[in-house]
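*Asks:* Sequence:
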Amino acid sequence: MSQMERYTVTIQKDLLRRFDTLIAARGYTNRSEAIRDLIRDSLVTEEWARKGEKVAATVTLVYDHHTPDLGDRLTDVQHHHAGLVTASTHVHLDNDNCLEVAILRGESSKVKHLAEKMIALRGIKHGKIVHTTEGRGLE
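Per my numbering, the sequence shown runs over residues -10 to 128.
Be aware that a few hints might be false.
Claimed, not checked - Heads up, simulated DSS-like pairs for lysine-lysine below, C-alpha to C-alpha not over 25 Å straight-line:
id : residue 1 : residue 2
1  : Lys40     : Lys101
2  : Lys114    : Lys43
3  : Lys99     : Lys40
Just so you know, these hints were derived from the structure itself, not from any lab.
Hey, can you work out the whole structure from these sequences and the hints?
*Replies:* Structural data, given as structure tokens:
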């Protein structure tokens, strides 16, 4: 862990009260760690905006497995972008619906393009991408 530095922040009382309520509900034991996480989240957002930056993401999809050829189309898209797909897992939610999660790594614009392509496949009921990082520089 890198060396810590203390700093002071001036903030409105009502805003601080709301922040304290929020971080307590999320299980933080102090403001410092919550603020560090907010900073890290901003850095990850900025990382995704930079061209050529290597990032990671998950794509979560829910779909009806009875939709003709959807499973095959989803597999084809992932195989066509095999260099970006690190892993995927498939769960049967019930007799009709499946949940699939794909872990992606690569250049930010390529990862985003693949995730959007998967979500846009006809028959996907819900799709969500979670942007994250490979962790460099977030100590």
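*Asks:* Holds or violated: Lys40 and Lys101, Cα atoms, limit 25 Å.
*Replies:* It holds: about 12 Å lies between the C-alpha atoms, which stays within 25 Å.
*Asks:* Given the hinted pair Lys99 and Lys40, is their Cα-Cα distance within 25 Å?
*Replies:* holds, 10 Å
*Asks:* Does the structure keep Lys114 and Lys43 at a Cα separation of 25 Å or less?
*Replies:* Measuring from Cα to Cα gives roughly 29 Å; hence the hint is violated.
Violated hint for the displayed structure: number 2, the only one.
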